[in-house]
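Trainee: Chains as they are written, first to last, in the UniProt record's numbering: chain A, 1 to 324; chain B, 1 to 324.
Note that these hints are calculated values from the structure, not bench results. Careful: at least some of the hints might be erroneous.
Chain copies aren't distinguished; within one or between two, either way the pair holds.
Stated by the list, open to error - Listed below are the simulated SDA-like cross-link pairs for lysine to any residue, each with C-alpha atoms no more than 25 angstroms apart in a straight line: (1) 56 to 45; (2) 41 to 134; (3) 46 to 132; (4) 157 to 286; (5) 56 to 315; (6) 112 to 317; (7) 101 to 44; (8) 112 to 58; (9) 41 to 102; (10) 57 to 109; (11) 101 to 148; (12) 9 to 55; (13) 112 to 60; (14) 168 to 229; (15) 103 to 52; (16) 112 to 146; (17) 56 to 15; (18) 168 to 318; (19) 9 to 134; (20) 9 to 47; (21) 101 to 45; (22) 57 to 15; (23) 256 to 277; (24) 87 to 106.
Since this is a predicted model, take the numbers as computed values, not measurements.
Protein chains: 2
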Amino acid sequence: MASIKDVAKMAGVSVATVSRVLNDKGYVGQHSREKVEKAIKELNYKPNEIARSLFKKHSNTIGLIVPDIMNPYFPELARAVEDTASKLGYNVILCNSDENKEKEQAYLDVLKQNYVNGIIVSSNTLTAEQIEALNIPIVSIDREISKGLPTIVVENKKGAKAATHFLKSKGRKRIGHIRGTAGVVNAEERCGGYREAVAEEPWFTESYIVNGNYDMESSIDATRELLGRHPDIDGIFAANDMMAIGAIKAAYQLGKKVPEELAVIGFDGIVLSSVMIPELTTVAQPIYEMGELATTVLVNLMEQQPMEKTYYTLEVELIERRTT
Amino acid sequence: MASIKDVAKMAGVSVATVSRVLNDKGYVGQHSREKVEKAIKELNYKPNEIARSLFKKHSNTIGLIVPDIMNPYFPELARAVEDTASKLGYNVILCNSDENKEKEQAYLDVLKQNYVNGIIVSSNTLTAEQIEALNIPIVSIDREISKGLPTIVVENKKGAKAATHFLKSKGRKRIGHIRGTAGVVNAEERCGGYREAVAEEPWFTESYIVNGNYDMESSIDATRELLGRHPDIDGIFAANDMMAIGAIKAAYQLGKKVPEELAVIGFDGIVLSSVMIPELTTVAQPIYEMGELATTVLVNLMEQQPMEKTYYTLEVELIERRTT
DNA sequence: ATTGGATGTGTAACCGGTTACCCTTTTTCA
DNA sequence: TGAAAAAGGGTAACCGGTTACACATCCAAT
Numbered sequence: 001m002a003s004i005k006d007v008a009k010m011a012g013v014s015v016a017t018v019s020r021v022l023n024d025k026g027y028v029g030q031h032s033r034e035k036v037e038k039a040i041k042e043l044n045y046k047p048n049e050i051a052r053s054l055f056k057k058h059s060n061t062i063g064l065i066v067p068d069i070m071n072p073y074f075p076e077l078a079r080a081v082e083d084t085a086s087k088l089g090y091n092v093i094l095c096n097s098d099e100n101k102e103k104e105q106a107y108l109d110v111l112k113q114n115y116v117n118g119i120i121v122s123s124n125t126l127t128a129e130q131i132e133a134l135n136i137p138i139v140s141i142d143r144e145i146s147k148g149l150p151t152i153v154v155e156n157k158k159g160a161k162a163a164t165h166f167l168k169s170k171g172r173k174r175i176g177h178i179r180g181t182a183g184v185v186n187a188e189e190r191c192g193g194y195r196e197a198v199a200e201e202p203w204f205t206e207s208y209i210v211n212g213n214y215d216m217e218s219s220i221d222a223t224r225e226l227l228g229r230h231p232d233i234d235g236i237f238a239a240n241d242m243m244a245i246g247a248i249k250a251a252y253q254l255g256k257k258v259p260e261e262l263a264v265i266g267f268d269g270i271v272l273s274s275v276m277i278p279e280l281t282t283v284a285q286p287i288y289e290m291g292e293l294a295t296t297v298l299v300n301l302m303e304q305q306p307m308e309k310t311y312y313t314l315e316v317e318l319i320e321r322r323t324t
Numbered sequence: 001m002a003s004i005k006d007v008a009k010m011a012g013v014s015v016a017t018v019s020r021v022l023n024d025k026g027y028v029g030q031h032s033r034e035k036v037e038k039a040i041k042e043l044n045y046k047p048n049e050i051a052r053s054l055f056k057k058h059s060n061t062i063g064l065i066v067p068d069i070m071n072p073y074f075p076e077l078a079r080a081v082e083d084t085a086s087k088l089g090y091n092v093i094l095c096n097s098d099e100n101k102e103k104e105q106a107y108l109d110v111l112k113q114n115y116v117n118g119i120i121v122s123s124n125t126l127t128a129e130q131i132e133a134l135n136i137p138i139v140s141i142d143r144e145i146s147k148g149l150p151t152i153v154v155e156n157k158k159g160a161k162a163a164t165h166f167l168k169s170k171g172r173k174r175i176g177h178i179r180g181t182a183g184v185v186n187a188e189e190r191c192g193g194y195r196e197a198v199a200e201e202p203w204f205t206e207s208y209i210v211n212g213n214y215d216m217e218s219s220i221d222a223t224r225e226l227l228g229r230h231p232d233i234d235g236i237f238a239a240n241d242m243m244a245i246g247a248i249k250a251a252y253q254l255g256k257k258v259p260e261e262l263a264v265i266g267f268d269g270i271v272l273s274s275v276m277i278p279e280l281t282t283v284a285q286p287i288y289e290m291g292e293l294a295t296t297v298l299v300n301l302m303e304q305q306p307m308e309k310t311y312y313t314l315e316v317e318l319i320e321r322r323t324t
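Required output: the full structure, derived from the provided sequences and hints.
Mentor: In structure tokens form, the structure reads like this:
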């Protein structure tokens, strides 16, 4: 591969001049510029980003840490981040943390050692101190780590409340809730929204809430338990779409018709929800938009642009489909 | 951040010695080693990977180029690649090419400029010349680019044939095929397998094959057309799962019951196929395993390990579920 | 005519590691 | 006992860029 020295030699100038035309910075005479440009073309010269990074102390790369890219929420997010980053001239390093504290810290270290400019992270094990210690711009997405940190989340509580009210408006009399993973902030919030919506109902007791794990399997079991406890339940609000699917599977297993005997509404609006049969009614997050926003906020942070706002709570949209 | 010089100063040795203990290479006395290790711990020193990369001419990173991470086939692949790479000490840069020639070439250039050690790519627009010109280890996955290049694919033809035979064994008399994207090698192969399986059938004509685009929407239209042409079709082999889902949707729209009136079998075995309702019968690729294998092959290539084989054609598994 | 700012360009230090090379000391063994 | 080999460790060049600084030239304003 040709280096800047080769270009300089061919153009008959110094490396400094080549660097100047490369970066369009400093004074360069018309004549020199042309010679350099010609040499660059002739040698098909591409500057070495690693050498650049060493000097600049950052590598035009951003780290994306997600729990698991196989979780259907994240591919869309990853795509949005990569699209936006790419457009702005950054690469994306993908990291799967499995919500594991050690893995996360290890990735943070590796990313820092690789001089990433910034990090987008979806995590609930990370602490504000850990992040501040890193001293790299970070934006948190889908999950709030701390009020002070740049964050992109959605109206979890509001959406959950709307979902539950929607079930009521459809004439459902007994509505159960399958909670998300214990300890995850958005699971608390969604559960809170559900609670607010049913608080006044005479039939409501805590036993209408069961714990799921944000995945399908846990939800199948949870739903069977819930339906066993309360056979009169005719509506379920699941804290995410995968659990809503689990609920539907459980209903089928128990011989209950969806939506006739049991209406189900999910949360997230993953692609799967519109693809499955029957199509799932859900409270959709603007996932792509969130990824986009997270990336632009992060890049602004990295480039030290002045910003009026770094904490965004986005609106959520209830999409009615076939399961309600 | 502490640098190697700080460590050297604190330990009272030269940077060369620090480097030697870091890399466990060359002679280092017990006494020096201990002093250096103590200094490293005390300063929480982590070597700067970028500086290392500059000298080594590679960055312990591999590029992963996929058409679109939102396509449900790829998250599992990406996960396998990242897991394996991470285990072996490499980072993964994620690139979405949208099957676009220019984007792909641009990414290849960027990756090269970033001194990636190797690249895993799923593409059918790339040519062998392009890849050889790059002069970086590459393994192709899911799609063959050239016989000579390291490649991980599956028995497309065999699987397709098995799928079609399976439909026959279930008593289906007229079996249609929804082809994958024109020009994609595996679409040709799967179509070839179908052809072989139905070649002897008296009813078979080319009109039992329709073109899809490996996505759900194209398949809905294609299926409606196919079923319009041949209302007697009672079995469909779709060249991938997303198209199989489209076929099922189309069947529902037309009032046909699946599987009673129309059996549907897909190909790929994406997570979605087991999650949807009804669960999809499919010819499953060992996606995770493919990603794993691709990564280990690539790493062996990068590390110049001797290898007996770099072209793998993996077995495929027919999983019977509810749609047949 | 003088001077000071703008323009143009090269030299060399620097980013933070690795390692070739050299020198000294210790060990091994004929 | 002496020479060769092994062990230990420092100096400085190098990877491929960027940029501070020095120096030269040119032009406009005084």
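Trainee: A separate judgement is required for each hint: does it hold in the structure or not?
Mentor: Hint-by-hint comparison with the structure:
1. 56 to 45: For residue 56 and residue 45, the Cα distance is within 25 angstroms both inside one copy (20 angstroms) and across copies (20 angstroms).
2. 41 to 134: For residue 41 and residue 134, only the inter-copy Cα distance (17 angstroms) is at most 25 angstroms; the intra-copy one is 40 angstroms.
3. 46 to 132: Answer is between: at 18 angstroms across copies they meet the 25 angstroms cutoff, but 36 angstroms inside does not.
4. 157 to 286: within (15 angstroms within a copy, 40 angstroms between copies)
5. 56 to 315: neither (38 angstroms within a copy, 48 angstroms between copies)
6. 112 to 317: Classified as neither; 37 angstroms inside a copy, 42 angstroms across copies.
7. 101 to 44: The answer is between: 19 angstroms across copies meets 25 angstroms, while 45 angstroms in one copy does not.
8. 112 to 58: both (9 angstroms within a copy, 17 angstroms between copies)
9. 41 to 102: So residue 41 and residue 102 pass the 25 angstroms test across copies only (18 angstroms; inside, 47 angstroms).
10. 57 to 109: The answer is both: 15 angstroms in one copy and 22 angstroms across copies each meet 25 angstroms.
11. 101 to 148: Classified as within: same-chain Cα gap 21 angstroms, cross-chain 43 angstroms, threshold 25 angstroms.
12. 9 to 55: both (22 angstroms within a copy, 22 angstroms between copies)
13. 112 to 60: Both: 12 angstroms inside a chain and 14 angstroms across chains, each within 25 angstroms.
14. 168 to 229: within (20 angstroms within a copy, 45 angstroms between copies)
15. 103 to 52: between (29 angstroms within a copy, 23 angstroms between copies)
16. 112 to 146: within (21 angstroms within a copy, 38 angstroms between copies)
17. 56 to 15: Classified as both; 17 angstroms inside a copy, 22 angstroms across copies.
18. 168 to 318: Answer is within; shortest intra-copy Cα gap is 14 angstroms, inter-copy 43 angstroms.
19. 9 to 134: So residue 9 and residue 134 pass the 25 angstroms test across copies only (24 angstroms; inside, 42 angstroms).
20. 9 to 47: Within one copy, since 15 angstroms is at most 25 angstroms while 34 angstroms is not.
21. 101 to 45: between (43 angstroms within a copy, 21 angstroms between copies)
22. 57 to 15: Close inside one copy (20 angstroms) and across copies (20 angstroms); limit 25 angstroms.
23. 256 to 277: both (16 angstroms within a copy, 14 angstroms between copies)
24. 87 to 106: between (28 angstroms within a copy, 12 angstroms between copies)
The earlier numbered hints that this structure contradicts are 5, 6.
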